[in-house]
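Given these sequences and hints, build the entire structure.
Protein chains in written order, with the numbering used here: chain A, 1 to 285; chain B, 1 to 285; chain C, 1 to 285; chain D, 1 to 285.
Worth double-checking, as some hints may not be accurate.
It does not matter which identical chain is meant; a pair holds if it fits inside one copy or across any two.
In silico SDA-like cross-links for lysine to any residue, where the CA-CA straight-line distance does not exceed 25 Å [to be verified]:
no.	residue 1	residue 2
1	K107	E34
2	K113	T244
3	K99	W37
4	K107	D266
5	K152	N190
6	K113	N215
7	K152	L193
8	K99	G172
9	K107	A33
10	K183	P87
The hints are simulated quantities; they were obtained by calculation from the structure and are not laboratory data.
4 protein chains.
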Amino acid sequence: MALFRISFYSTCYQRLTRVNVLLPIDTPLPPGAERDWGPYKTLYLLHGYSGNSDDWLLNSSIAEMSAQFNIAVVMPEGVNGFYVDQPRSGIRGSEYIAKELVAFTRKTFPLSKERGHTLIGGLSMGGYGTLYNALKYGDVFGHAIALSTPVKVLRYESEHEPKDIEFKQAPGFFEALHGDTAKVYETDRNIALHAKQVLDAGLPVTNLYIACGYNDSLVPENRELHEQLLEIGFPHFYEEGPGTHDWPFFSGFMRRGLVHALGEPDIPPHPFWVGATGYNCERGE
Amino acid sequence: MALFRISFYSTCYQRLTRVNVLLPIDTPLPPGAERDWGPYKTLYLLHGYSGNSDDWLLNSSIAEMSAQFNIAVVMPEGVNGFYVDQPRSGIRGSEYIAKELVAFTRKTFPLSKERGHTLIGGLSMGGYGTLYNALKYGDVFGHAIALSTPVKVLRYESEHEPKDIEFKQAPGFFEALHGDTAKVYETDRNIALHAKQVLDAGLPVTNLYIACGYNDSLVPENRELHEQLLEIGFPHFYEEGPGTHDWPFFSGFMRRGLVHALGEPDIPPHPFWVGATGYNCERGE
Amino acid sequence: MALFRISFYSTCYQRLTRVNVLLPIDTPLPPGAERDWGPYKTLYLLHGYSGNSDDWLLNSSIAEMSAQFNIAVVMPEGVNGFYVDQPRSGIRGSEYIAKELVAFTRKTFPLSKERGHTLIGGLSMGGYGTLYNALKYGDVFGHAIALSTPVKVLRYESEHEPKDIEFKQAPGFFEALHGDTAKVYETDRNIALHAKQVLDAGLPVTNLYIACGYNDSLVPENRELHEQLLEIGFPHFYEEGPGTHDWPFFSGFMRRGLVHALGEPDIPPHPFWVGATGYNCERGE
Amino acid sequence: MALFRISFYSTCYQRLTRVNVLLPIDTPLPPGAERDWGPYKTLYLLHGYSGNSDDWLLNSSIAEMSAQFNIAVVMPEGVNGFYVDQPRSGIRGSEYIAKELVAFTRKTFPLSKERGHTLIGGLSMGGYGTLYNALKYGDVFGHAIALSTPVKVLRYESEHEPKDIEFKQAPGFFEALHGDTAKVYETDRNIALHAKQVLDAGLPVTNLYIACGYNDSLVPENRELHEQLLEIGFPHFYEEGPGTHDWPFFSGFMRRGLVHALGEPDIPPHPFWVGATGYNCERGE
Numbered sequence: 001m002a003l004f005r006i007s008f009y010s011t012c013y014q015r016l017t018r019v020n021v022l023l024p025i026d027t028p029l030p031p032g033a034e035r036d037w038g039p040y041k042t043l044y045l046l047h048g049y050s051g052n053s054d055d056w057l058l059n060s061s062i063a064e065m066s067a068q069f070n071i072a073v074v075m076p077e078g079v080n081g082f083y084v085d086q087p088r089s090g091i092r093g094s095e096y097i098a099k100e101l102v103a104f105t106r107k108t109f110p111l112s113k114e115r116g117h118t119l120i121g122g123l124s125m126g127g128y129g130t131l132y133n134a135l136k137y138g139d140v141f142g143h144a145i146a147l148s149t150p151v152k153v154l155r156y157e158s159e160h161e162p163k164d165i166e167f168k169q170a171p172g173f174f175e176a177l178h179g180d181t182a183k184v185y186e187t188d189r190n191i192a193l194h195a196k197q198v199l200d201a202g203l204p205v206t207n208l209y210i211a212c213g214y215n216d217s218l219v220p221e222n223r224e225l226h227e228q229l230l231e232i233g234f235p236h237f238y239e240e241g242p243g244t245h246d247w248p249f250f251s252g253f254m255r256r257g258l259v260h261a262l263g264e265p266d267i268p269p270h271p272f273w274v275g276a277t278g279y280n281c282e283r284g285e
Numbered sequence: 001m002a003l004f005r006i007s008f009y010s011t012c013y014q015r016l017t018r019v020n021v022l023l024p025i026d027t028p029l030p031p032g033a034e035r036d037w038g039p040y041k042t043l044y045l046l047h048g049y050s051g052n053s054d055d056w057l058l059n060s061s062i063a064e065m066s067a068q069f070n071i072a073v074v075m076p077e078g079v080n081g082f083y084v085d086q087p088r089s090g091i092r093g094s095e096y097i098a099k100e101l102v103a104f105t106r107k108t109f110p111l112s113k114e115r116g117h118t119l120i121g122g123l124s125m126g127g128y129g130t131l132y133n134a135l136k137y138g139d140v141f142g143h144a145i146a147l148s149t150p151v152k153v154l155r156y157e158s159e160h161e162p163k164d165i166e167f168k169q170a171p172g173f174f175e176a177l178h179g180d181t182a183k184v185y186e187t188d189r190n191i192a193l194h195a196k197q198v199l200d201a202g203l204p205v206t207n208l209y210i211a212c213g214y215n216d217s218l219v220p221e222n223r224e225l226h227e228q229l230l231e232i233g234f235p236h237f238y239e240e241g242p243g244t245h246d247w248p249f250f251s252g253f254m255r256r257g258l259v260h261a262l263g264e265p266d267i268p269p270h271p272f273w274v275g276a277t278g279y280n281c282e283r284g285e
Numbered sequence: 001m002a003l004f005r006i007s008f009y010s011t012c013y014q015r016l017t018r019v020n021v022l023l024p025i026d027t028p029l030p031p032g033a034e035r036d037w038g039p040y041k042t043l044y045l046l047h048g049y050s051g052n053s054d055d056w057l058l059n060s061s062i063a064e065m066s067a068q069f070n071i072a073v074v075m076p077e078g079v080n081g082f083y084v085d086q087p088r089s090g091i092r093g094s095e096y097i098a099k100e101l102v103a104f105t106r107k108t109f110p111l112s113k114e115r116g117h118t119l120i121g122g123l124s125m126g127g128y129g130t131l132y133n134a135l136k137y138g139d140v141f142g143h144a145i146a147l148s149t150p151v152k153v154l155r156y157e158s159e160h161e162p163k164d165i166e167f168k169q170a171p172g173f174f175e176a177l178h179g180d181t182a183k184v185y186e187t188d189r190n191i192a193l194h195a196k197q198v199l200d201a202g203l204p205v206t207n208l209y210i211a212c213g214y215n216d217s218l219v220p221e222n223r224e225l226h227e228q229l230l231e232i233g234f235p236h237f238y239e240e241g242p243g244t245h246d247w248p249f250f251s252g253f254m255r256r257g258l259v260h261a262l263g264e265p266d267i268p269p270h271p272f273w274v275g276a277t278g279y280n281c282e283r284g285e
Numbered sequence: 001m002a003l004f005r006i007s008f009y010s011t012c013y014q015r016l017t018r019v020n021v022l023l024p025i026d027t028p029l030p031p032g033a034e035r036d037w038g039p040y041k042t043l044y045l046l047h048g049y050s051g052n053s054d055d056w057l058l059n060s061s062i063a064e065m066s067a068q069f070n071i072a073v074v075m076p077e078g079v080n081g082f083y084v085d086q087p088r089s090g091i092r093g094s095e096y097i098a099k100e101l102v103a104f105t106r107k108t109f110p111l112s113k114e115r116g117h118t119l120i121g122g123l124s125m126g127g128y129g130t131l132y133n134a135l136k137y138g139d140v141f142g143h144a145i146a147l148s149t150p151v152k153v154l155r156y157e158s159e160h161e162p163k164d165i166e167f168k169q170a171p172g173f174f175e176a177l178h179g180d181t182a183k184v185y186e187t188d189r190n191i192a193l194h195a196k197q198v199l200d201a202g203l204p205v206t207n208l209y210i211a212c213g214y215n216d217s218l219v220p221e222n223r224e225l226h227e228q229l230l231e232i233g234f235p236h237f238y239e240e241g242p243g244t245h246d247w248p249f250f251s252g253f254m255r256r257g258l259v260h261a262l263g264e265p266d267i268p269p270h271p272f273w274v275g276a277t278g279y280n281c282e283r284g285e
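Right, here's the structure in full:
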């Protein structure tokens, strides 16, 4: 698996930012097969609060998934920003993901520009970023995979925070992200309301896959979202499964989300899979 | 989990080489606990043929193991060299692992210098490197974890090579590694013979854990080694388990090997484990 | 030169952050010489607005300076935050540099804990971070090297901003950094006032080196600072030189700043310096 | 400047290898200008003995050159192999550079496929690789920039080796690289002979730029090569300049070589160049 650790200047962040990209361009090929070299289906994959662009690489089987599903995987950095545009600081985390990063990666790599080939996914804070941006940019993302999402952004700390670790935001944290917190649920930061706005406006509807672990404290708000989406008739697939807010759940259900979006992959895991790549990369022109 | 991607000059390789290091110095702590900051038990962890120092990071749960077992993990690059000293090229892959790298990492990081706290492990080619160096440097390594090892170095290609992928060494490949291939099984490159030499000379005996998957084509030569070690009375633990020559086996049995060497860890996987690190890193002095 | 690209969890940032470290532990030694392996003098080296922890590595001769002056160099990420504690967002960029990062690197690497061996330096935004933190943490940093500093933090945009590039902060940007911008010059964010507070309180005084290029639009505010420091009697060294706000100036005057702080290095540039490292790394224990 | 740190599987090396790529896709643009997004002219840039793919990044101004000349720069790893195909080990360092790497980077990035837009360059061992591959693959490389080249491969050690550092190859080292060392000067490893073979066969002739420092011990063999090329009428440009075998020479004369190949760049160094990138990256599609 070819891995690209990238640093480039982002206008939306007004600074150099980092992104990791996996491309399945050196995986083993059956004898006689020719590599197609894309354009590749692409998953924009978001990490959670406190993490960075290495998280999915270090903690999940995403490298294997990239090979199996024959997809590019683009892993940006979210700097605890929930992948939204921040009203005051000038940081545009949503525009970055859906516009600047999509444009940058499509210009740089052989990626498909089709909506149906463009996926967004993430865990926890990245699940929020997935739902928010899939709704806001339904024209860009054909599929979305939101795992273990803190749907109620403002209740983040009080509801599912373990008592024994230091993990609370400063008083101004959510205001910096969303503006007036008293009114945040009247805006598109409210996922269910946002979904209704998309339907009402007749905007493109992204194919949503939403999952949460039985033992995750975020289950109630994911169930509630599921009910709300059913109520307004927003098409989506919701499931729960064994697990809590941890990597075995994230990794396993990312795979399930990919199968939901793309179908079972043709390519089996390689029987002699050693290292992060394959053995049969083309030579010459 | 603190990750260090390192490039430094190695005398044994006569060039800059790379090594990745995980240190459990920023994992979550129970309330009121103080971090000990080492010196840490250390696992020198070797990748397989065709791989590099990122392999274990990208394809296994080694980051989580580092946190759970509270061990440093040092992942060098083996450049297809089987971690042996090459008689003609001047490349000293064995001295590099057991002497230069051990010295470099102990001088640089807060690592334990005790033999009982120093482990070596690896998969496939790295399993060979593990057994070879554990025997040669029994004074350095207290424990060894050899997974899915091609014990018969010269029969590598003919015996377990899938037919459908390009993965064969050039005619001079094994000669470059071992010298005269006609006599290689009369030297310490023969693991069973090497083990006998260690016992005969009364040298320090490393605690060996050896495992192979039922469906791995390397099972026969691992069983044979097990029989040979039983015969000469070399203490070791051997087991087989479900799986083939792939990462689910490598990752799962590395964990079993660590439990064999160090016992079950006290630290459970963190219930709110997001990202590659914890949340409670000390501040101030 | 040994280079460590590090990712670790920072409490002050509440997330994984990155830092690059250079250690002169594999540089060439004269025949017969023994390496001392530290504890090393350390330069905490800050990048400018829009940059990241790779900036100094990619654009200056810092690797060579690390070898020549036999110092460790620690290059953190400042995420456009001017290396100050932000009153509302919870981001503590100053505490991170002066306490958490200093503690982390001293616990991890063989670094000197002496104030006289601990330097802070930076360019542009990092020059501001250098002056601010050298004054606030005079007990930590014995020397400071501030290059091409935007001393007047609020006048940043209006005064020295080229007209032809997009480089302006959102309206809430400086408020997020400093709090009430109407009163910011009455606080320690005002460098001259801060310096006076240090003198008045009898706190430890860091040895300041300040430089700016003749053709840098920031020259007036650096001269003004120089005058103010003279007036209050704050010991410092100020110089200007040929150049503008670019890397030849930053790289050249970082070297001058190091000579000012540490004296001319004994070690000449190696006559056969190829690659980023030397050739004579110790082996064995 | 966008930097890509890449790991991918190379068939020629039979393992994962690393390569760094600079693309000038985020540099500042004049107001109103549109970015062309390539296809970019490309410099394949080789490091010296003992180095790796980070060398040019850490020790020269190559990032600035990439921006100024608006060229992609591809920096592979040579693992002390002089960028030739090794007859016995199966390592094909020449095919890797001229075929596999060129194909991989052109398939992955928006690079020009024109011979006149494809440059190869390097220092010391990389200067040898430059000359050797520019001659062997004149159909691929339109321009070559060979700096401070050890032209006499076998006399490497004896002629220009400083006495006080450990830097000598094992007896079998050159045989591993070139085969029978007694006959190596009768093969294409002899650069002057190789050049004559190219002329005699009427093969494409790469535009050669060759330079060496006055104080470099390699000056005599570079002068001799210059004389030999004059004698056989192989078109080239040769110059010497102040300096020795060090980075100020390599960096400065790489720039001169680029001007020789491409002409003076239109783009001046940016007057407010902070960080490794520009400030005006496009947004949206």
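A quick look at each hint next to the structure:
Taking the closest pair of Cα atoms, K107 and E34 come within 25 Å of each other both inside a single copy (24 Å) and across two copies (14 Å). Taking the shortest alpha-carbon separations for K113 and T244, neither the intra-copy value of 35 Å nor the inter-copy value of 38 Å comes in at or below 25 Å. Taking identical chains as interchangeable, the C-alpha atoms of K99 and W37 lie at most 25 Å apart whether they share a chain (24 Å) or sit on different chains (16 Å). In the homo-oligomer, the alpha carbons of K107 and D266 lie at most 25 Å apart only across protomers (23 Å), although the nearest pairing inside one protomer, at 28 Å, exceeds that limit.
Proximity of K152 to N190 under the C-alpha cut-off of 25 Å is restricted to the intra-copy arrangement: shortest distance 8 Å within a copy versus 40 Å between copies. In the homo-oligomer, the alpha carbons of K113 and N215 never lie at most 25 Å apart, since the shortest distance is 38 Å inside one protomer and 41 Å across protomers. In this assembly of identical chains, the alpha carbons of K152 and L193 lie at most 25 Å apart only when taken from the same copy (12 Å versus 44 Å across copies). In this assembly of identical chains, K99 and G172 lie within 25 Å of each other by CA distance solely across copies; the values are 23 Å between and 27 Å within a copy.
In this assembly of identical chains, the alpha carbons of K107 and A33 lie at most 25 Å apart only when taken from different copies (17 Å versus 27 Å within one copy). Within a single copy, K183 and P87 get their C-alpha atoms as close as 14 Å, and across copies as close as 23 Å, so both meet the 25 Å cut-off.
In this structure, the earlier hints numbered 2, 6 are contradicted, and the remaining ones agree with it.
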